[in-house]
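Student: As they're listed, the protein sequences go chains A and B.
Quick note: the first sequence uses the working numbering, first residue 1274, plus one each step.
Quick note: the second sequence uses the working numbering, first residue 163, plus one each step.
Because the hints were derived from the structure by calculation, they are not lab data.
C-beta: ideal position from N, C-alpha, C; glycine also.
Some hints could be false.
Unchecked claim - No farther apart than 16 Å at their CA atoms in a straight line, the calculated lysine to aspartate or glutamate pairs in the EDC-like style are these:
no. : chain 1 : residue 1 : chain 2 : residue 2
1   : B       : K261      : A       : E1331
2   : A       : K1314     : B       : D165
3   : A       : K1314     : B       : E200
4   : A       : K1295     : A       : E1340
5   : B       : K261      : A       : E1317
6   : A       : K1313     : B       : E200
7   : A       : K1292     : A       : D1358
8   : A       : K1311     : B       : E200
9   : A       : K1314     : B       : E167
10  : A       : K1295     : A       : E1325
11  : A       : K1313     : A       : E1357
Unchecked claim - Pulled a few chain B residues facing chain A out of the computed Cβ check, cut under 7 Å:
no. : residue
12  : A203
13  : G204
14  : L207
15  : N260
16  : L262
17  : G266
18  : G267
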Amino acid sequence: DTEVTQTPKHLVMGMTNKKSLKCEQHMGHRAMYWYKQKAKKPPELMFVYSYEKLSINESVPSRFSPECPNSSLLNLHLHALQPEDSALYLCASSQGTTNATVGYTFGSGTRLTVV
Amino acid sequence: GEDVEQSLFLSVREGDSSVINCTYTDSSSTYLYWYKQEPGAGLQLLTYIFSNMDMKQDQRLTVLLNKKDKHLSLRIADTQTGDSAIYFCAEKIKAAGNKLTFGGGTRVLVKP
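Excised from the complex, chain A in its bound form (with noise of 0.2 Å):
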């Protein structure tokens, strides 16, 4: 298995539902990430998670709550969102956060709408 999968692939909420976004990967990989991606824009990083544990968050509102349960799922919950978080939400994973570790692969996103 070489993928990395995310569901759902679509998801609507109001401002005030409570959702999560799921990633799961079954490659070994360590390090787990989520990007957020705005139309016609590049890939913003949101969180690292490393060997379980959160190694950076690029200053994300609170109203994003990433989790680790093991090492091969990441969720994203979402509460209280506004529409301009509306975008589509990439997790990622790679074997390692070192300057050893090659490549990324990406899941195909979850887009999220905000009504």
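Position chain B against the provided structure of chain A, taking the given hints into account.
Tutor: Positioned in the frame of chain A, the structure of chain B alone reads:
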């Protein structure tokens, strides 16, 4: 700094070669990457080059790295309509905790 810059758009005829350019600013980059993103999809890693290399060839793809000028290019030979997509260059910066920083993306349109 962590700026990675690319031109916005490239139009090319089917069968011709495409060259996508990228400039980066951080000399502590370890790896430089090219990703492809088709509409509505995630990012697909096309190829990468280690910072101590000058060139890497992988089938139709050729990556050239000029470390002195901090310039990276991706050449796609015999461009096909399926190559129409957005191409992102990215650098992994050791000094920034090995974060992956993306350029703004180049939209490539292949005309028949």
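Student: Tell me, which hint numbers fail for this structure?
Tutor: none
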